[in-house]
Amino acid sequence: MQLSETKYRKLGSIAAGLSALSANLLSANAAHAQDASAPQNTEAHLPGLMDEPAPGAGSVVLDSSVLFYQETGGRVQAIEPVINGEVHLDNGDVISGGLTYDSLTGATPNGAAPSTGRQTFSSIIRQATSTQVTSTSASGNSTVTSIPGTTTANSVYTQPARAIPLASFHDHRVAANLTYNWQADADTHVKLGGAFSVESDYTTFTGTTGISRDFNQKNTTLSLTASVEGDISRPHGGTPTAYENLNTLVTGGNDHKTVINVVGGVTQTLTRFWLTQLNYNYSTSSGYQADPYRLISVVDNSGAPLAYLFESRPRSRQRHSFYWGNKLALGPTVADVGVRYYTDSWGIKGITAEVSEQVPINRYLYVKPLFRYYKQSAANFYEPYLISQSGATTFSGLPAYASSDARLSRFSATTIGGRIGWRLFEDSELYVEGESYRQAGTHTIAGAPGQLAGLDFFSGVHAISVMMGFKIKM
Amino acid sequence: MIRTICMGAVLALLGGCAHVGVKPWQRDSLARAAMQPDNEGNISGYHDHIYFSKEGATGGRSSDGGGCGCN
Amino acid sequence: MNSHSRAWRRLTGAGLAAGLMMVAGLAVPGLSTTAHAAEAPPTLDLAAYRGKVVYLDFWASWCAPCKLSFGFMNALHATYGDKDLVILAVNVDHDRAAAAGFLNAVGGHPQVIYDPKGMIAGHYDVATMPTTVLFDRTGKQRFVHRGYFPNKTREYDGHVAALIAEHP
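Protein chains in written order, with this note's numbering: chain A, 120 to 593; chain B, 6 to 76; chain C, 11 to 178.
Just so you know, the hints here were simulated from the structure itself, not pulled from any lab data. Virtual Cβ for every residue (Gly too), placed ideally from N, Cα, C. Be careful, since some hints might not be right.
To be verified - Which stretches of chain C does chain B cover? Using the computed rule of at least three CB atoms under 8 Å from a CB of chain B, they are: (1) 97-105; (2) 166-172.
As the list claims (entries may be wrong) - The list that follows gives simulated cross-link-like pairs (lysine to aspartate or glutamate, EDC-like), each with its CA atoms no further than 20 Å apart: (3) Lys468/A <-> Asp53/B; (4) Lys150/C <-> Asp135/C; (5) Lys592/A <-> Asp43/B.
Please put together the full structure from these sequences, using the hints given.
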């Protein structure tokens, strides 16, 4: 009978086990035995794609990928190839570095409020010619007039009625980073790194240092990282002063800011299947915080635009961020669950929650669906527009700071996506991730004056990202 | 109220750290590539870039700790 | 309800979902198949090796430096195998098949002792993976190598050579 066969097979294996056990204890020949107990009824297997151990000494890892990012409605489009590498040295040290290039085109809100009529704006763009040239764009919406003797030109463009005014742009960025991570002793790692990022109107330099130490047989890891960043803003027309009128010739040059960032955290293994991490991130930034191209509309009581002024932001910002993340092995799958609470001195409070589940299909393939929810409150100087009671040219009683940048407004965002990873051959992974990111917020502004009542002020994005890459370990 | 519970859970986690964890030979699951604290590779850089450009908040995970506890 | 409490509700919802997943994770301790063949004895009896130098190495299939250490151990066996060096490789994998896969991949014919419950590892206070404990010809513990670093092979080799050279 089937049942008793199983019972006998079990007894048989127990007996075999017992005899091997006693042989081990008694036998002086144990030294010459091949195994104390040979594997029974198991096939040798190598780790699946999700189970490969992390790279150790003597290995080199290269990860190259490209991001295709597209916002709907003719907004931003970006292509970003990235290559990152890690060299693990024989003494436990690691050298890691990477290169990024990105190309951005499209249109982004210029900060002005929509209106019931067409609106015309001018902006300074980069264009080198030796004589004055005027050209008109294909759609007839903008004309570009170069300014002789400079490398800049004046672009005058018109935006349609009842729509968020957009300014088009085109930019390239190159960035690189390099970090050296020393294994100072069995439980201590120290790192030192630098990075830079350059685009036509913005440059950043960053220096980073950090230390991490393991305790409790490496169950607890404390880490502290500090970085200093210097940013130089080099807009094509110079940096405007706060509330400078768009129509006046901007006389500012470059401006800069310095950011100091400190992250302290603890990573703790709780059980064989649960790793948890808590981080606190403090950042203080002083200097030029504004977007040099962003306007804010001054409107009269009927909502008609009187003037476009460059925005005004404080010259300092302190940020606090608390992050709690978890990795949980649920059987063969791994769940990644994290929440973050953010608050800063500009009055923005944000919460983030993200969940992803990595599911192996077989030894060569996994899928990883993800969901992220984000919500933030508005900065305390966020204004979609300013209302002037006084006059048409000089404005008294403006608040100290005002910006209509959507990044400082109140909104929520959800990301839904998924990744597929495929082991083409041993020690490699081909991956593709697709995501849909959608922002949501209020569209019409209650109590908006005159013609602005009922207009759609929402400039949030819906973006599709596709990332694909290839990672190889040698 | 909910805020208090969340912070309490966090402090409880920190307080129990000294004897919590696994033996060095029990790290098979923690050693897996999928269980590393920051194993997104290039994708985490893309996420940081997108969310930094579109949102106000910053900050998040670090890559230290966990793993096989080797060497 | 105002949006702030809505946000906290969503955050709590995410936290509850996280909590449920964690509880599920704890309740399902291990779905990996562990071959319950005969277990290793609680302590290893090294009396059988008196008069020889014992290289006791603790390894696992999930430990990347262990892969490199096996190459080193095979080289040690080639050099000192006929000079009274005994290499014992104690495996602490929960999953026997994973250990077998690792052994197939690294090659060599080390003597393997299976210790899936970690009793031998616990007895020798293994603090990191891999760990090697070296015993001299009298059976006394003389050196412990915590972790395996390819740039320290000369140091490891030196310890073995020193113990081989000692004749009581």
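Okay, the hints, checked on the actual structure:
1. 97-105: holds (count 4)
2. 166-172: Check failed, 0 qualifying residues.
3. Lys468/A <-> Asp53/B: OK: Lys468/A and Asp53/B at ~18 Å, within 20 Å.
4. Lys150/C <-> Asp135/C: 16 Å, holds
5. Lys592/A <-> Asp43/B: With a Cα-Cα distance of about 17 Å, the restraint between Lys592/A and Asp43/B holds, given a limit of 20 Å.
Checked against the numbered hints above, the structure breaks only hint 2 and satisfies the rest.
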